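Trainee: First to last, the sequence lines map onto chains A and B. For the first sequence, my numbering gives the first residue as 25, with consecutive numbering after it. For the second sequence, my numbering gives the first residue as 3, with consecutive numbering after it.
In short, the hints are calculated from the structure, not lab data. Bear in mind the structure is a predicted one, so any value in this text is a computation, not a measurement. One or more of the hints may lead you astray.
What the simulated footprint calls covered on chain A by chain B, stretch by stretch (three residues with Cβ under 8 Å from a Cβ of chain B suffice, anywhere in the stretch; the number is not a length) [claimed, not checked]:
(1) 199–206
(2) 285–296
(3) 359–368
(4) 432–443
If you want a taste of the chain A side facing chain B, the calculated C-beta under 10 Å gives, among others [what the hints assert, rightly or not]:
(5) M155
(6) E244
(7) Y245
(8) R303
(9) A451
(10) F454
(11) E525
(12) D526
In this text, a Cβ means the ideal position worked out from N, Cα and C, and glycines have one as well.
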Amino acid sequence: MATRIYVPKDATALSLGADEVAAAIAAAASSHTLVRNGSRGMLWLEPLVEVETPAGRVGYGPVAAGDVPGVLAAIANEGAHPLCIGLVEEHPYLKSQQRLTFARVGVVDPASVSDYLAHGGYEGLQKALAMAPAEVVKTVTDSGLRGRGGAAFPTGIKWKTVHDQLAPQKYVTCNADEGDSGTFADRMLMEGDPLTLIEGMTIAAVAVGATQGYIYCRVEYPEAIAALRTAIAAANAAGYLGANLCGSGKQFDLDVRVAAGAYICGEETSMLESLEGKRGEVRVRPPLPAIKGLFGCPTVVNNVISLASVPVILAKGAEHYKNFGVGRSMGTLPLQLAGNLKRGGLVERAFGVTLRELLYDYGGGSVSGRPLKAVQVGGPLGAYVPVAHFDTPIDYEAFAAVGALVGHGGIVAFDDSADMAQLARYAFEFCAVESCGKCTPCRIGSTRGANVIDGMLAGDRPDEQRRLLDDLCETMIQGSLCGLGGMTPFPVQSALKHFPEDFAPRRRH
Amino acid sequence: MQGDSHVSSAEAHEQAAVESAIERFGQQPGPLLVVLHGVQDALGYIPPTGIPRIAAALNLSRAEVHGVVTFYHYFRTHPPGRHVVQVCRAEACQARGGAALEAHAKARLGIDFHETTADGATTLEAVYCLGNCATGPAVRIDGRLHSAVTPARFDALVAGQEAK
Ligand SMILES: Cc1cc2nc3c(=O)[nH]c(=O)nc-3n(C[C@H](O)[C@H](O)[C@H](O)COP(=O)(O)O)c2cc1C
Ligand code: SF4
Ligand code: FES
Numbered sequence: 025m026a027t028r029i030y031v032p033k034d035a036t037a038l039s040l041g042a043d044e045v046a047a048a049i050a051a052a053a054s055s056h057t058l059v060r061n062g063s064r065g066m067l068w069l070e071p072l073v074e075v076e077t078p079a080g081r082v083g084y085g086p087v088a089a090g091d092v093p094g095v096l097a098a099i100a101n102e103g104a105h106p107l108c109i110g111l112v113e114e115h116p117y118l119k120s121q122q123r124l125t126f127a128r129v130g131v132v133d134p135a136s137v138s139d140y141l142a143h144g145g146y147e148g149l150q151k152a153l154a155m156a157p158a159e160v161v162k163t164v165t166d167s168g169l170r171g172r173g174g175a176a177f178p179t180g181i182k183w184k185t186v187h188d189q190l191a192p193q194k195y196v197t198c199n200a201d202e203g204d205s206g207t208f209a210d211r212m213l214m215e216g217d218p219l220t221l222i223e224g225m226t227i228a229a230v231a232v233g234a235t236q237g238y239i240y241c242r243v244e245y246p247e248a249i250a251a252l253r254t255a256i257a258a259a260n261a262a263g264y265l266g267a268n269l270c271g272s273g274k275q276f277d278l279d280v281r282v283a284a285g286a287y288i289c290g291e292e293t294s295m296l297e298s299l300e301g302k303r304g305e306v307r308v309r310p311p312l313p314a315i316k317g318l319f320g321c322p323t324v325v326n327n328v329i330s331l332a333s334v335p336v337i338l339a340k341g342a343e344h345y346k347n348f349g350v351g352r353s354m355g356t357l358p359l360q361l362a363g364n365l366k367r368g369g370l371v372e373r374a375f376g377v378t379l380r381e382l383l384y385d386y387g388g389g390s391v392s393g394r395p396l397k398a399v400q401v402g403g404p405l406g407a408y409v410p411v412a413h414f415d416t417p418i419d420y421e422a423f424a425a426v427g428a429l430v431g432h433g434g435i436v437a438f439d440d441s442a443d444m445a446q447l448a449r450y451a452f453e454f455c456a457v458e459s460c461g462k463c464t465p466c467r468i469g470s471t472r473g474a475n476v477i478d479g480m481l482a483g484d485r486p487d488e489q490r491r492l493l494d495d496l497c498e499t500m501i502q503g504s505l506c507g508l509g510g511m512t513p514f515p516v517q518s519a520l521k522h523f524p525e526d527f528a529p530r531r532r533h
Numbered sequence: 003m004q005g006d007s008h009v010s011s012a013e014a015h016e017q018a019a020v021e022s023a024i025e026r027f028g029q030q031p032g033p034l035l036v037v038l039h040g041v042q043d044a045l046g047y048i049p050p051t052g053i054p055r056i057a058a059a060l061n062l063s064r065a066e067v068h069g070v071v072t073f074y075h076y077f078r079t080h081p082p083g084r085h086v087v088q089v090c091r092a093e094a095c096q097a098r099g100g101a102a103l104e105a106h107a108k109a110r111l112g113i114d115f116h117e118t119t120a121d122g123a124t125t126l127e128a129v130y131c132l133g134n135c136a137t138g139p140a141v142r143i144d145g146r147l148h149s150a151v152t153p154a155r156f157d158a159l160v161a162g163q164e165a166k
């Protein structure tokens, strides 16, 4: 039998030469079946080549095209190789994880419905189709799942609102705009196991009575867009999408819509405007999207990870999911270790794991070898967390208590060379670039904020500038319609609070 | 393009791309972004002369179409250089040397973000996260993503691309 060899097609793996490795394997060995899987999330080992053996999948990484002959020889002779990491699933980085949402990512062939079914796929949808829609909604509510896009709103409660509307047309939309720096969980899931997202959206549609869905995916993710389109076509062909889902008589059609490089379109009402083909200006609420969303119809808007967590909740039950986690943060969160870390990647753990465990036990500390200084959690609107708070558990309420944000679970580590004043300035600059322009504090205040920091650093009446900066932050927090203007002050204020010395006047070069 | 015949053939090419995008995508609900993507996929930019035609076909005002084109960072109204180099400016790449790379890229190419080198070879663009945040600094060149782009590696990648 031909040996199965896996070479990831994940974007990070591709950026490190995975296509060249796959081509070298294909050229060298015709007796192998080559599968292009997603990434296991041990990104420092990419391209991670895996080979199926009777004992399990054995990994080699990071493999360059030039290593391929040696790796193939080691595979053929079952011999040693310096890049061999042994059984992939025994690797401590993976073995200690609690993979529910990411259970199949890196394991399956993302383009294959039969592989998906062989790994427990569509068990959740089959259960949902056998239940009353209200029961499906209740299961999601009981699981404790909260939105993974940032706001942590209970998913089941949102679905119930849409379910309860009487309307001829409803929609399920997936927010795959993933604009936060330091986040790539949505991307990895869409590339590595897109059928899980598709199944989650289909369950949502069955639960709320929607017949059309859209995945709004950022244009910066061409690999994910291609993987989604392939998987949607495969699901349609296999009868898991379309006019008669699994013979249930229910309809659900799903399309990918490509965004156009505006961070604000990740805000849900801006995303809906964009899906309607308009400028991505934030809508005033009420009405809620669940009542009047896309084209004025009741609409579910959920993040990729929220939706992709639904299949396992339906398949294994609300209790199973809920038993992971702490307090009101239930289930697991796929955390993304990014920035200056030795072992960056994806770590799915139950809530309650601490920042310190993530940064040192998984991340291995800084890649530069210098001490860590701060982490930014939850994207560009998240606070900078100093070393003193590294024992904070990943838990929505515990993070709020130290003035920080869990958000989408991106963790960006900085070593002691980081310039917190420049990072604060960048927060304003980013807000100025990405503001939708609707509110003055956000549109004008952001540019003003960058100038004020420049003034402080130049030693131009620093105390006065500091007062100005505090006022400006307050004005933005109070006077902004959405989180872009309203939360940009959080990274700034946290940098000022924890690293005041970085804002001292500097001598010009 | 120099001669008049080139200009008109370029315009005919633009018009054909606009018509094709309208025909293929114009029937979708809320179609404007989809149509604009169709045009930019075909041409690399959205020709301002196409805006009145798109507006008429989708029953929108020219101001609405123009407003959408200018709102989104991704859409361009001018042809880019033969190569497009996107450098990630966001925090996780900054944590791995992104600011130095950004300065180097501008100096190496002799242009600022959103400019094209005088010989028309390369357009430099700022992007805010490519989802490649564990192995940065990240750069995308003509659609191909790269990790751990040091200044020296940037030079090698750009030189390799310019040689193509
Ligand atoms: C400025 C801004 C940007 C946002 N970007 C995203 C994003 O890229 N992806 C996302 O899922 N949610 C994003 N959100 C949150 C959405 O508004 C919304 O809460 C979310 O999509 C709801 O899905 P969930 O309940 O499943 O999290 C953003 C919010 C703001 C204010
Ligand atoms: S805060 Fe900024 S991005 Fe948000 S609605 Fe106001 S202007 Fe737009
Ligand atoms: S921050 Fe640069 S790729 Fe994400």
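Trainee: Take the hints in turn and mark each one as holding or not.
Mentor: Status of each hint after checking the structure:
no.	hint	in the structure
1	199–206	holds (count 5)
2	285–296	holds (count 3)
3	359–368	holds (count 7)
4	432–443	holds (count 6)
5	M155	30 Å, violated
6	E244	5 Å, holds
7	Y245	6 Å, holds
8	R303	4 Å, holds
9	A451	9 Å, holds
10	F454	7 Å, holds
11	E525	19 Å, violated
12	D526	14 Å, violated
Of the numbered hints given earlier, the model fails hints 5, 11, 12; all others are met.
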